[in-house]
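Q: First to last, the protein sequences are chains A and B. Going by this note's numbering, the first residue of the first sequence is number 1, and it counts up by one from there. Going by this note's numbering, the first residue of the second sequence is number 1001, and it counts up by one from there.
Note that these hints are calculated values from the structure, not bench results. Fair warning: this is a prediction, and the values are worked out from it, not measured in the lab. Note that CB positions come from ideal geometry on N, CA and C, so glycine has one too. Treat each hint with caution, since some may be false.
Unchecked claim - Negatives, chain A to chain B, calculated, CB over 10 angstroms: (1) R10; (2) T29; (3) G51; (4) F248; (5) D278; (6) K283; (7) R303; (8) R318; (9) T319; (10) E340.
Said to hold, decoys possible - Heads up, simulated DMTMM-like pairs for lysine to aspartate or glutamate below, C-alpha to C-alpha not over 25 angstroms straight-line: (11) A:K58 <-> A:D311; (12) A:K283 <-> B:E1131; (13) A:K283 <-> B:D1039; (14) B:K1058 <-> B:E1312; (15) A:K283 <-> A:E301; (16) B:K1266 <-> B:E1301; (17) B:K1019 <-> A:D164; (18) A:K266 <-> A:E186; (19) A:K58 <-> A:E232; (20) A:K266 <-> B:E1131; (21) B:K1283 <-> B:E1192; (22) A:K266 <-> B:D1039; (23) B:K1058 <-> B:E1079; (24) B:K1266 <-> A:D39; (25) A:K266 <-> A:E172; (26) A:K19 <-> B:E1168; (27) A:K58 <-> A:E307; (28) A:K58 <-> A:E312; (29) A:K19 <-> A:D327; (30) B:K1283 <-> A:E131; (31) B:K1266 <-> A:E131; (32) A:K266 <-> A:D278; (33) A:K266 <-> A:E307; (34) B:K1019 <-> B:D1327; (35) B:K1058 <-> B:E1021; (36) B:K1283 <-> A:D39; (37) B:K1019 <-> A:E168; (38) B:K1266 <-> B:E1186; (39) A:K19 <-> B:D1164; (40) A:K19 <-> A:E340.
2 protein chains.
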Amino acid sequence: MSRSQVPQARAARLAVLEKVERRLAGFLTAERDHWVRVDPRGAVPVDAVTGLVAAGGKRLRPAFCVSGFLAAGGEAADEQLVVDCAAGIELVHTGALVHDDVLDASELRRGVPAVHTRESATHIASGWRGEPRRYGEGVAILSGALAQIYAERLVRDLPPVVRDLWGEMLTEIQMGQFLDMAVAAEGVIEPELSRWVAVCKSGRYSIHRPLLLGAAIAGRPDLAPAFEEYGEALGEAFQLRDDLIGVFGDSDAAGKPVGLDLEQHKMTLLLVEAAERDERVRKLISGNDWDTEEILDRLGESRLRIEQRIDELVARARTALERADLDDAWRAELGVMADEVAYRSR
Amino acid sequence: MSRSQVPQARAARLAVLEKVERRLAGFLTAERDHWVRVDPRGAVPVDAVTGLVAAGGKRLRPAFCVSGFLAAGGEAADEQLVVDCAAGIELVHTGALVHDDVLDASELRRGVPAVHTRESATHIASGWRGEPRRYGEGVAILSGALAQIYAERLVRDLPPVVRDLWGEMLTEIQMGQFLDMAVAAEGVIEPELSRWVAVCKSGRYSIHRPLLLGAAIAGRPDLAPAFEEYGEALGEAFQLRDDLIGVFGDSDAAGKPVGLDLEQHKMTLLLVEAAERDERVRKLISGNDWDTEEILDRLGESRLRIEQRIDELVARARTALERADLDDAWRAELGVMADEVAYRSR
Chain A
1 MSRSQVPQAR
11 AARLAVLEKV
21 ERRLAGFLTA
31 ERDHWVRVDP
41 RGAVPVDAVT
51 GLVAAGGKRL
61 RPAFCVSGFL
71 AAGGEAADEQ
81 LVVDCAAGIE
91 LVHTGALVHD
101 DVLDASELRR
111 GVPAVHTRES
121 ATHIASGWRG
131 EPRRYGEGVA
141 ILSGALAQIY
151 AERLVRDLPP
161 VVRDLWGEML
171 TEIQMGQFLD
181 MAVAAEGVIE
191 PELSRWVAVC
201 KSGRYSIHRP
211 LLLGAAIAGR
221 PDLAPAFEEY
231 GEALGEAFQL
241 RDDLIGVFGD
251 SDAAGKPVGL
261 DLEQHKMTLL
271 LVEAAERDER
281 VRKLISGNDW
291 DTEEILDRLG
301 ESRLRIEQRI
311 DELVARARTA
321 LERADLDDAW
331 RAELGVMADE
341 VAYRSR
Chain B
1001 MSRSQVPQAR
1011 AARLAVLEKV
1021 ERRLAGFLTA
1031 ERDHWVRVDP
1041 RGAVPVDAVT
1051 GLVAAGGKRL
1061 RPAFCVSGFL
1071 AAGGEAADEQ
1081 LVVDCAAGIE
1091 LVHTGALVHD
1101 DVLDASELRR
1111 GVPAVHTRES
1121 ATHIASGWRG
1131 EPRRYGEGVA
1141 ILSGALAQIY
1151 AERLVRDLPP
1161 VVRDLWGEML
1171 TEIQMGQFLD
1181 MAVAAEGVIE
1191 PELSRWVAVC
1201 KSGRYSIHRP
1211 LLLGAAIAGR
1221 PDLAPAFEEY
1231 GEALGEAFQL
1241 RDDLIGVFGD
1251 SDAAGKPVGL
1261 DLEQHKMTLL
1271 LVEAAERDER
1281 VRKLISGNDW
1291 DTEEILDRLG
1301 ESRLRIEQRI
1311 DELVARARTA
1321 LERADLDDAW
1331 RAELGVMADE
1341 VAYRSR
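Only chain A is shown next, with the shape it has when bound in the complex:
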């Protein structure tokens, strides 16, 4: 393929992603049908998962998984494996979001009430027994775990070497979530740790790992170093953009409340940058006199610096692509994807 055929690379990806959507919908519909036959209530946890999947996420992880496979020259015979894997990644992500919203006490997700919020409201409206919060969060805990189990069922046929990558990715997600929560609770300022959490929690599993999984399914471990560099750089850019959206973004576009990161005392990279540079911010976030308004006022300079850092990271991601053994169409397409991720509005 030549440079002029870029649209074909994208078209190939979209065609496989269409199959990913059908795989997800088919699997979830069959599960729902099965459990409703046991008891009508059986629909609740399946619908919690399906509702979030259908609420229109960015499908970033499936997109990078499928791109990794196609860019690596994956063969048609292995296409079903990459479809399963990409669908599985989306379900892993869905389960993590359902749990994450409980951890963060976040009430909105993708523009609709979070699972725990909606189920607590149902509990109250129905006049059921026990504590509504415990019930709602209970449904969220079980639905999140169910999404994870569904993901594992979808990737049943992955070969062992790919499963190892998969297992590492899943472990990292939980550990990243935990360290993120721990750092926020303790109020520690450790730039290195915060950077690691950002890389581990979001960057690595959003881009780098999915790309590597796709390349591994295609039998191209030789692409790992280039994809790692591209993925780590772009992953950090992804997370930095997330931080910016979380503080300065538009709530409607984001589909979740903005400003919540600050209210939650989240030690984002944005905040770490500000704390490293500005003594007053450092004092505000490390003492007991956290003041969201004043912190926000002092973040203007950091915002510019973070934008610069994003530019550098995108450049580094593109450089990694230059050195990789890829055809030109895919090199260009992955470059376009880098821009889309780093400069998105939600």
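Given the coordinates of chain A, assemble chain B onto it according to the supplied hints.
A: Relative to chain A, chain B alone:
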């Protein structure tokens, strides 16, 4: 093997179970070492899982998985698979317990504080930010999910047909948990549903499914019908005993508070039996005037009936063994295991 060799069957099982313990300990130690190198805090979720594994559960599920394999004549070449699978089942169970204790607001497990209780206390003692309950439950959510991921990593090499059984088992656990919680919240009295929940949530995954997994690894699907009958009967007996211990048991022996099932408005089979027979109990549990003391006073007759039902179930389990194509030593050993499960004190 002849009947006189029963101890050898047990010895063979214990030898494999010893390897299961080493597999669990080895895996968890390696994980801890890995994450502590990233950050000392990384030990927390791993320790939450390890602590519960090490607190000495009954290892019922590994025991039945290994017994299913050995009774089916599993070969030495496949032993590692059954060790992995049995270790994985124990971790699945561990993860479910960690989540279950949050769902039930249970503060004690296996004689030690539940994960969420201990972590909330740490949060308070350390003077950390945010709500202690959310932090403690957050650690429990993530640790439970981590246990599930570890389980999947352990069973990486299971062949597809065994993985399908595995996936069904895991899905059933979550669904059983959800329906159990939903029925308690709604206060519905549906004997069929409660029986199904008991079978699904506990019986099936404690005995029937582990046995079948072991037999499947040994390549003996022909044993499935007999193991299913044995397992379903014994599984119900297991759950009924659980109900009795939960209401009448000795708190020290049980390692968790007894009486909690009633306080939690849990629709146990014991309660369903009483409600079906006793109009007053039916009124007490379906209205808004739930009175734990009075309900407890009226459960004497039901207790006797449940003991009878357990006897019948054990007899049915033994009959199923008679018809199975097993050698005598294993038939006898599985009979002994039935007694141990049905007449245990914790």
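Q: Now tell me if each hint is right for this structure.
A: Hints versus structure:
Every CB of chain B lies more than 10 angstroms from the CB of R10 (chain A), the least distance being 33 angstroms, so the non-interface label holds. With a least CB separation of 15 angstroms from chain B, T29 (chain A) remains clear of the 10 angstroms interface cut-off, as annotated. Even its closest Cβ contact with chain B, about 15 angstroms, leaves G51 (chain A) beyond 10 angstroms, as expected for a residue assigned away from the interface. Remark: the non-interface label on F248 (chain A) is consistent with the geometry, its nearest Cβ contact in chain B lying 23 angstroms away (cut-off 10 angstroms).
With a minimum CB-CB distance of about 20 angstroms to chain B, D278 (chain A) clears the 10 angstroms threshold, and the non-interface call stands. No Cβ of chain B approaches the Cβ of K283 (chain A) within 10 angstroms, the least distance being about 15 angstroms, so the stated non-interface status holds. Every beta carbon of chain B lies more than 10 angstroms from that of R303 (chain A), the smallest distance being close to 24 angstroms; the non-interface claim holds. Against the 10 angstroms criterion, R318 (chain A) stays outside the reach of chain B, whose nearest CB is about 29 angstroms from its own CB.
Once the 10 angstroms rule is applied to beta carbons, T319 (chain A) is consistent with being away from chain B; the minimum gap is 27 angstroms. Distance check on E340 (chain A): its Cβ is at least 30 angstroms (rounded) from any Cβ of chain B, clearing the 10 angstroms threshold; non-interface status holds. Straight-line distance between C-alpha atoms of K58 (chain A) and D311 (chain A) comes to about 21 angstroms, which keeps the hinted pair within the 25 angstroms bound. Of the supplied pair hints, the one linking K283 (chain A) and E1131 (chain B) holds, its CA atoms being roughly 22 angstroms apart against a limit of 25 angstroms.
Distance restraint check for K283 (chain A) and D1039 (chain B): the Cα-Cα separation of roughly 24 angstroms lies within the 25 angstroms cut-off, and the hinted pair is therefore satisfied. Proximity of K1058 (chain B) to E1312 (chain B) is assessed by CA-CA distance (about 24 angstroms); at most 25 angstroms being required, the pair is judged to hold. At roughly 17 angstroms between alpha-carbon atoms, K283 (chain A) and E301 (chain A) fall within 25 angstroms of each other, so this suggested pair holds. As the CA atoms of K1266 (chain B) and E1301 (chain B) are separated by approximately 19 angstroms, the hinted pair is consistent with the 25 angstroms bound.
Pair hint K1019 (chain B) plus D164 (chain A) holds up; C-alpha atoms about 22 angstroms apart against a cutoff of 25 angstroms. Proximity of K266 (chain A) to E186 (chain A) is assessed by CA-CA distance (about 11 angstroms); at most 25 angstroms being required, the pair is judged to hold. Our distance criterion of 25 angstroms between C-alpha atoms is met by K58 (chain A) and E232 (chain A), whose separation comes to about 19 angstroms. For the suggested pair K266 (chain A) and E1131 (chain B), the alpha carbons sit about 14 angstroms apart, so the restraint of at most 25 angstroms is met.
Restraint check for K1283 (chain B) and E1192 (chain B): satisfied, since their Cα atoms lie roughly 19 angstroms apart, inside the 25 angstroms limit. For the hint pairing K266 (chain A) with D1039 (chain B), the CA-to-CA distance comes to about 18 angstroms; that is within 25 angstroms, so the pair holds. Our distance criterion of 25 angstroms between C-alpha atoms is met by K1058 (chain B) and E1079 (chain B), whose separation comes to about 21 angstroms. The suggested pairing of K1266 (chain B) with D39 (chain A) holds, with an alpha-carbon distance near 18 angstroms, which does not exceed 25 angstroms.
Distance check on the hinted pair: K266 (chain A) and E172 (chain A) sit about 19 angstroms apart at the alpha-carbon level, within 25 angstroms; holds. Simply put, K19 (chain A) and E1168 (chain B) have alpha-carbon atoms about 24 angstroms apart, close enough for the 25 angstroms limit, and the pair holds. Proximity of K58 (chain A) to E307 (chain A) is assessed by CA-CA distance (about 21 angstroms); at most 25 angstroms being required, the pair is judged to hold. Of the supplied pair hints, the one linking K58 (chain A) and E312 (chain A) holds, its CA atoms being roughly 24 angstroms apart against a limit of 25 angstroms.
As the CA atoms of K19 (chain A) and D327 (chain A) are separated by approximately 24 angstroms, the hinted pair is consistent with the 25 angstroms bound. A threshold of 25 angstroms between alpha carbons decides the hint, and for K1283 (chain B) with E131 (chain A) the separation of about 22 angstroms falls inside it, so the pair holds. Only pairs whose Cα atoms come within 25 angstroms are accepted, and K1266 (chain B) paired with E131 (chain A) is accepted, the gap being roughly 14 angstroms. A hinted pair counts as satisfied when its Cα atoms are at most 25 angstroms apart, and K266 (chain A) with D278 (chain A) qualifies at roughly 17 angstroms.
Straight-line distance between C-alpha atoms of K266 (chain A) and E307 (chain A) comes to about 19 angstroms, which keeps the hinted pair within the 25 angstroms bound. For the hint linking K1019 (chain B) to D1327 (chain B), the alpha-carbon distance of about 24 angstroms falls within 25 angstroms, and the restraint holds. Annotation: proposed proximity of K1058 (chain B) to E1021 (chain B) holds, straight-line Cα distance about 12 angstroms (limit 25 angstroms). Of the supplied pair hints, the one linking K1283 (chain B) and D39 (chain A) holds, its CA atoms being roughly 24 angstroms apart against a limit of 25 angstroms.
The suggested pairing of K1019 (chain B) with E168 (chain A) holds, with an alpha-carbon distance near 24 angstroms, which does not exceed 25 angstroms. Between K1266 (chain B) and E1186 (chain B), the direct Cα distance comes to roughly 11 angstroms. Compliance with the 25 angstroms bound is thereby established for this hinted pair. Under the criterion of a C-alpha separation no larger than 25 angstroms, the hint pairing K19 (chain A) with D1164 (chain B) is consistent with the structure, at around 22 angstroms. This hinted pair checks out: K19 (chain A) and E340 (chain A) have alpha carbons roughly 22 angstroms apart, not beyond 25 angstroms.
In terms of the numbered hints stated before, the structure departs from none.
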